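Engineer: So you can see what is in the structure, the chains are spelled out below.
Protein chains: 2
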Amino acid sequence: MNLVLLFAEDFVADDRVVLRGRRREHIAGVHRAAAGDVLVAGVANGRMGAATILRIDGESVEMSVALDRDPPPPLPLTLVVAVPRPKVLNRVIAGATSLGIKRLFLINAWRVEKSYWSSPRLSEANLREQAIAGLEQSRDTILPSIEVRRFFRRFVEDELPEIARDSTCLVAHPYAADPCPRSIAGHVTLAIGPEGGFIEAELVSLDRAGFRPVSLGPRVLRVETAVAALVSVISA
Amino acid sequence: MNLVLLFAEDFVADDRVVLRGRRREHIAGVHRAAAGDVLVAGVANGRMGAATILRIDGESVEMSVALDRDPPPPLPLTLVVAVPRPKVLNRVIAGATSLGIKRLFLINAWRVEKSYWSSPRLSEANLREQAIAGLEQSRDTILPSIEVRRFFRRFVEDELPEIARDSTCLVAHPYAADPCPRSIAGHVTLAIGPEGGFIEAELVSLDRAGFRPVSLGPRVLRVETAVAALVSVISA
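Residue numbers (my numbering), protein chains in the order written: chain G, 1 to 236; chain Y, 1 to 236.
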């Protein structure tokens, strides 16, 4: 937790918060912080700055908060990713959020196992929790929008063209001939398939929506590694 | 397992292998493969190609192997990384290996918790297992060399200059003024600190060894995300 993310309900005065539960435990147990210590904090979807601990005990921590700066700029990249294995999902969401992505779609694809759709990890509450973990890691305050789409064709044909309008549209495909372009100016919409990739018919649908297949080379990467690698090459 | 990694002891004839245990279970349970199916396979530190299943049962799988191509080229990058939390270590090793890194040092640093050093995950057997997972993921056969160094200064002063000779030497530091350079030609040696970064005295030691601090921006990334992001930007 490199930033303590605060919410409206934490405030007991304009510049004072009281935290209980997970955040208090982390501040006490991991940061081993005491009264007088200063932590980095920020308000969800707002500014960030310093939080000074006034009092901490086994139940709550009270801090005075001075918010003097904006969070880092968002990454101009929309990520469309096939639902990964539940074991991997949390890391993909937290990782993508830590990279600064603010719009994310989790979609179906032929090679997404049906059983993944019944995972409790796809719940709104869990997705939000992982996004918060990504913000706390990377020192950001702006929560990403994360949407889940159960039907590939309906999404790609009816929604994606509008979502991707005026952006560079790329689909990551390990066997694509073109290398992933670097340092793209402007907004990018990046689609990443399931383990094993999108099938041919899906690539055709994506092509019709304007998505060009690109690759980082012959190595097949895990989704979480691929997200970090592609997003960084595109944005650096 | 996008590639079945084979070892000398698997061969029962020049072009035939018999596998038991984890790889058989994966071929049966995840690939759901049957006699006649063809998988991608490769010999550890050797060539790769196709493995045709001759016979598979609850105990073993027999395959005929035709190795007709070289593995992908290695990444010309040596990674020096402070020992991460045991929970994260496996993913860092497998991830770095999947990116094509062939030389990796796990080192101590001020902010590495002492308890990490007693983790069984730092054993040679576990490090090798994670490296194999990275090769199986990325379709590569060349095992990386992974070395563990308990003493920061001794390593940086006595060994690192020789390890890093004739390479571009970079240390990732979230607060560095210079952005991480892209698409570097030639060999790179990249040092990545613990959560919280290297301390000032360590940066001074690294500077004396020729390492220039660079950053990917103000966001603090988890080690595994940082490795994928930095390595891809440097190599793309």
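Among the hints, erroneous ones may be present.
[As the list claims (entries may be wrong)] Residues of chain G clear of chain Y, computed beta-carbon distances all greater than 10 Å:
1) Pro218
2) Val220
3) Glu224
[Unchecked claim] List of simulated lysine to any residue pairs, SDA-like, C-alpha gap at most 20 Å:
4) G:Lys87 - Y:Val30
5) Y:Lys87 - Y:Ser64
6) Y:Lys114 - G:Ala133
7) G:Lys102 - Y:Val30
8) G:Lys87 - Y:His26
9) Y:Lys87 - G:Lys102
10) Y:Lys87 - G:Gly29
11) G:Lys102 - G:Val30
12) Y:Lys87 - G:Met1
13) G:Lys114 - Y:His31
14) G:Lys87 - Y:Gln130
15) Y:Lys114 - G:Phe7
16) Y:Lys102 - G:Gly217
17) Y:Lys87 - G:Asn2
18) G:Lys87 - Y:Val88
Rather than coming from a laboratory, the hints here were simulated on the basis of the structure.
Computed from a prediction, not measured in an experiment: that's the story for all the values here.
All C-beta atoms in this analysis are idealised placements derived from N, C-alpha and C, irrespective of residue type, glycine included.
Engineer: If a hint holds in the structure, say so; if it does not, say that too.
Structural biologist: Verification of the hints:
1. Pro218: Violated: least Cβ distance 5 Å, not greater than 10 Å.
2. Val220: Contrary to the label, Val220 (chain G) does not stay out of reach of chain Y, its closest Cβ about 5 Å off (not over 10 Å).
3. Glu224: violated, 7 Å
4. G:Lys87 - Y:Val30: holds, 15 Å
5. Y:Lys87 - Y:Ser64: violated, 38 Å
6. Y:Lys114 - G:Ala133: violated, 25 Å
7. G:Lys102 - Y:Val30: violated, 34 Å
8. G:Lys87 - Y:His26: holds, 17 Å
9. Y:Lys87 - G:Lys102: violated, 27 Å
10. Y:Lys87 - G:Gly29: The hint holds at about 18 Å.
11. G:Lys102 - G:Val30: It is violated: about 28 Å lies between the C-alpha atoms, which goes past 20 Å.
12. Y:Lys87 - G:Met1: OK: Lys87 (chain Y) and Met1 (chain G) at ~16 Å, within 20 Å.
13. G:Lys114 - Y:His31: Status holds; Cα separation ~16 Å.
14. G:Lys87 - Y:Gln130: holds, 17 Å
15. Y:Lys114 - G:Phe7: Not OK: Lys114 (chain Y) and Phe7 (chain G) at ~35 Å, beyond 20 Å, violated.
16. Y:Lys102 - G:Gly217: holds, 17 Å
17. Y:Lys87 - G:Asn2: Between Lys87 (chain Y) and Asn2 (chain G) the Cα gap is close to 18 Å, so the pair holds against 20 Å.
18. G:Lys87 - Y:Val88: holds, 14 Å
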